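Undergrad: Residue numbers (our numbering), protein chains in the order written: chain W, 77 to 154; chain A, 5 to 315.
Calculated directly from the structure, the hints in this document are not laboratory data. Some hints could be false.
Calculated cross-link-like contacts (lysine-lysine; reagent style DSS-like; alpha-carbon spacing at most 25 Å) [stated by the list, open to error]:
hint, chain 1, residue 1, chain 2, residue 2
1, A, K100, W, K99
2, A, K174, W, K94
3, A, K230, A, K207
4, A, K150, W, K122
5, W, K114, A, K183
6, A, K183, A, K260
7, W, K101, A, K70
The structure displayed is predicted, hence computed values, not measured ones.
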Amino acid sequence: MAVTIYSTPTCPYCKLAKEFLDKNKVNYKNVDVSKDPKAAQEMIDKSGQMGVPVIDIGGKPIIGFDQKALKAALKDKK
Amino acid sequence: MADSYDFIIVGGGPAGYSAAVYAARFRLKTLVIARNPGGTIINTHIVENWPGEKSLSGFELMEKLKAHVGHNGVEILMDSVDDISNEKGAKGFTLKTEGGKTYRAKAILIATGSAHRRLGVPGEKELAGRGVSYCATCDAAFFRDKVVAVVGGSDSAAKEALLLTEYAKKVFIIYRKEKIRAEPINAERVDKNKKIEIISNTKVTKVNGEMKLESVTLDKAYKGSKEFPLDGLFIEIGYVPQSKLAEAHGVKLNKKGEIITGKHGCTNVDGVFAAGDVTDMGFKQAITAAAQGASAAMSAYEYIGGKKIEC
């Protein structure tokens, strides 16, 4: 299952989300949208969101550091 | 069987973490349960008033505090306490979490902090994350060369505006009163910054946009129009104390919803202590919250030891 986190280096909830993924032993790709405007646009297209983090779990974007939604999405995909 | 502790701290901001360090050193078996480890201060871009640290991000500050808590052997559990109860006659409390765990504690500390206040105008909810943001530290980078506004006149609002000038081409501060009430050092920085313009005595009454924020409606015309085009709107109008959990257990609140707390951290309920932004302390700062946390840990220690405490 492909997991991508769209983040910025200053965003605290991105750091918490990454900690959460690490803790749950999930491999993920980190995309820094502050440095990559193309990726930022891709994130906005996918989620309609102009805020980070957005975490794409197997094609389903989860908006914000929503632990409940993350747990559910990871469970579904397992 | 529920896991038993001497002291459970609900909340992982400066108040909770400071209490944890002290409690561990009092040799209390302590657990921290935090929904958002680090608390709201992790959204603060730069903290320059924590003694001993000239300048660091709120996140860095809380990572340091977290490490200090860990160094003292206290576990920080990322979960949310849904319910506090105690059986009649029995001393101590039972805490149930959203994650389905149950814990017992002889004393508890409510350090649940506060959450961002919403503006409460039409369109705000629909456009959250689509141009409306509550965290400049998180989202500023999406507004490179854009026009944005911060609503609010607090020190936090001034700091958000200053941070946004690093990305946006123009930053407005929309404030319902005449003069912003930032720390004078930050107010001076705002005055000197050519990208920032303050629109005072003005309220935002509506947030407009289809798929994303396009404009806001003001209650007073700015340059001849109440329609005010914007790419980003950052809302920084204060905080709401997160006191519902405590209230449900009979803890008394003031009119603002803050926990009425004695000078050593006691509430009206025996064995329930409170510290930090959730309390009725006037000056809401990381350092004052940490001090309250330390003081409350001491009171809890005495309470657990059977001493009559005065606070």
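Undergrad: All the hints need checking, so say for each whether the structure fits it.
TA: Against the structure, the hints:
1. K100(A) / K99(W): holds, 22 Å
2. K174(A) / K94(W): The given pair, whose Cα atoms are some 32 Å apart, is violated under the 25 Å limit.
3. K230(A) / K207(A): holds, 10 Å
4. K150(A) / K122(W): holds, 21 Å
5. K114(W) / K183(A): violated, 40 Å
6. K183(A) / K260(A): holds, 23 Å
7. K101(W) / K70(A): holds, 21 Å
In summary, the structure is inconsistent with hints 2 and 5 from the numbered list given earlier, while agreeing with the others.
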